[in-house]
Amino acid sequence: MTLLWDTRNLFIRALKKLTRNPILIFFSLFQPIIFLVLFTQLFHDFNLLPGFPPGVSYLQFAAAGILLQNAFSSALQSGTSIVDDLNSGFLQKMLVTQVARPAILLGRLLTDACRVTVQSIIILALAFALGFRIESGIPGFLLIIFIIAFFGFAWSGISLAIGMRTRSTETVFGIGFTLSFPLLFMSTALVPVSFMPTWMQDVSSVNPITYAVNAVRDLSLPGYFSLSAELTALGVIAGIAVVTMGATLYLFRKVVS
Amino acid sequence: MSTTDLITVDNLVEVYADGTKAVDGISFKVRDGEFFGFLGPNGAGKSTTIKILTTLLRKTSGTVTIAGYDLEKHPKEIRKLIGVQSQDTAVDPELTGRENMMLQGELQQMHGKVLGERVDHLLEVVGLKDAADKRAGRYSGGMKKRLDLACTLVHEPKVLFLDEPTTGLDPQSRNTMWDYMESLNEKQGITIFLTTQYLEEADRLCDRLCIVDNGKIVAEGSPVGLKQEIGADAITITMESSAGATKEATKVAAKQVLSTLPAVVNTIDAEDGLTIYAKNGGIFIPELIRAFDKANIRLVSINVSTPSLDDVFLKHTGKRIRAEELVKQPSRAGFGRR
Ligand SMILES: Nc1ncnc2c1ncn2[C@@H]1O[C@H](COP(=O)(O)OP(=O)(O)O)[C@@H](O)[C@H]1O
Ligand SMILES: [Mg+2]
Chain A
77 MTLLWDTRNL
87 FIRALKKLTR
97 NPILIFFSLF
107 QPIIFLVLFT
117 QLFHDFNLLP
127 GFPPGVSYLQ
137 FAAAGILLQN
147 AFSSALQSGT
157 SIVDDLNSGF
167 LQKMLVTQVA
177 RPAILLGRLL
187 TDACRVTVQS
197 IIILALAFAL
207 GFRIESGIPG
217 FLLIIFIIAF
227 FGFAWSGISL
237 AIGMRTRSTE
247 TVFGIGFTLS
257 FPLLFMSTAL
267 VPVSFMPTWM
277 QDVSSVNPIT
287 YAVNAVRDLS
297 LPGYFSLSAE
307 LTALGVIAGI
317 AVVTMGATLY
327 LFRKVVS
Chain B
37 MSTTDLITVD
47 NLVEVYADGT
57 KAVDGISFKV
67 RDGEFFGFLG
77 PNGAGKSTTI
87 KILTTLLRKT
97 SGTVTIAGYD
107 LEKHPKEIRK
117 LIGVQSQDTA
127 VDPELTGREN
137 MMLQGELQQM
147 HGKVLGERVD
157 HLLEVVGLKD
167 AADKRAGRYS
177 GGMKKRLDLA
187 CTLVHEPKVL
197 FLDEPTTGLD
207 PQSRNTMWDY
217 MESLNEKQGI
227 TIFLTTQYLE
237 EADRLCDRLC
247 IVDNGKIVAE
257 GSPVGLKQEI
267 GADAITITME
277 SSAGATKEAT
287 KVAAKQVLST
297 LPAVVNTIDA
307 EDGLTIYAKN
317 GGIFIPELIR
327 AFDKANIRLV
337 SINVSTPSLD
347 DVFLKHTGKR
357 IRAEELVKQP
367 SRAGFGRR
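If you read the protein sequences in the order shown, they are chains A and B.
Numbering of the first sequence is given in the working numbering, commencing with residue 77 and proceeding in unit increments.
Numbering of the second sequence is given in the working numbering, commencing with residue 37 and proceeding in unit increments.
All the given hints hold, so there is nothing to weed out.
Quick list of in silico lysine to aspartate or glutamate cross-link-like pairs, EDC-like style, CA-CA up to 16 Å:
{"hint": "1", "chain 1": "A", "residue 1": "Lys92", "chain 2": "B", "residue 2": "Asp169"}
{"hint": "2", "chain 1": "A", "residue 1": "Lys92", "chain 2": "B", "residue 2": "Glu135"}
{"hint": "3", "chain 1": "A", "residue 1": "Lys93", "chain 2": "B", "residue 2": "Asp169"}
{"hint": "4", "chain 1": "A", "residue 1": "Lys92", "chain 2": "B", "residue 2": "Glu130"}
By construction, these hints were calculated from the structure, which means they are not laboratory data.
One chain only, chain A, in its complex shape (with noise of 0.2 Å):
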């Protein structure tokens, strides 16, 4: 009962900070905004190659990758926040009182998961006007927001670790941004899988940007939808966020001894 509440006072002072720094929303979808103009102009002929899926739009193609490219570059920024509240002292300052521990985590990744929601909304209305449908619907819709948010709260807990080790916003943007180029692109998120050289498409099939992505794609294609695909999916990302969060768990209790 008291984690409940002092997560949902943690994650609204959270949002608050968001919503008082809106820029910063912005700033992190400048990228995919970027993507999702250029790309789908520059590859527009893709779908005429031998290997891509037939009468499908490069732009309803790479959609789903954007999407997820946004989610994992978000993620990855988090831990920037606990580097502050640590260095601030403000921490500290939530640790010599009652609140429950494990809130100070969940109240950060809760608001994580809402800010890669609203971007990935925006997103999402900026494909739709330049063409781009989802095939399955609101319920398809609604499903695909939940795995980019829970696909973003997975790797949120990478960085929260990373934040909380190094102590330092530098490392955690750098780390971010050196993994997310090169798994983004040995990902089946911008070209089909048949594309790739044979090691990249190996790379691609650990890769878990590509479960995440291929689950999105095949709910905006039309007759893709695999009840499978989607399980596996959550499955994947069901286990990084295991992961992660057992090793953020661990740093956390490391820190606050």
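With the hints as your guide, set chain B with the ligands onto chain A.
This is chain B with the ligands only, laid out in the frame that chain A set:
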């Protein structure tokens, strides 16, 4: 434990991961309702001690109890009883003063109307009523400290830990803080554990204090008692070095002369001269001048004062708490084991 001891600390040691022994076997007691202080220079181990006592940092060894609760076994119970203001002012700059306090209250498990009224009351007490709905990031240094203090009070703690609450403040803001602290202790009976580098602050506020240096307690008592312990007036002299003699040689010669004077209790090297502790300073001065004249040592200045806590510090450590050290330095925000 006697019924009136609220905090007991026995042989507390803290060794940081890099090997720094920040607290080196200290023991002390704080009585219920007391205004207790740790006076010491930068790096003495004051913040480390507070972090341990407030459950933020795990001690290396020793035992601590607060209100009868063992620090290690009952941290939760202890957190209910304490309010903590850390050395780094930790208010959320993006929240307003009131939001900062409301959040603090919620985290202290207070809710609804009770909390709202408490927050309004405290904002008024610390003089932030008019600025309550401005973002704390726009507050002055003094206002932030006052907001931080108000935050520590929201759940009506029994003990307050204040880590250098006036360091870096201008004299006027400092005076205001002193008034609050005094009234919290006297009118509301809150036990206060204060750390400071300011002699006047410790002297004015504390019922009892420990002088700390290098992780050790070097003296303990009431400000008056500690000063009386010196049992003499403090006479600081500077001398002109006679031709051909170094400053050090002159000091040695002067000490030689002083050792022949029965009124001298103690002589300690000061920055550019000597500090002599002697009974009845007024009567002693002519005697001092005559003796130095005879020995051909030329005095440049003589300064007589009743002993201050600085003299107590000097006596026990051989150095002064230097004014330069009072410049605000961010403490290490670190805590926990790394
Ligand atoms: N996290 C830390 N790791 C290593 N050494 C530390 C740490 N924090 C403080 N110290 C060292 O411990 C000593 C005592 O520091 P501190 O308790 O902050 O003193 P004070 O508050 O009296 O200025 C200093 O030498 C300081 O440099
Ligand atoms: Mg300190």
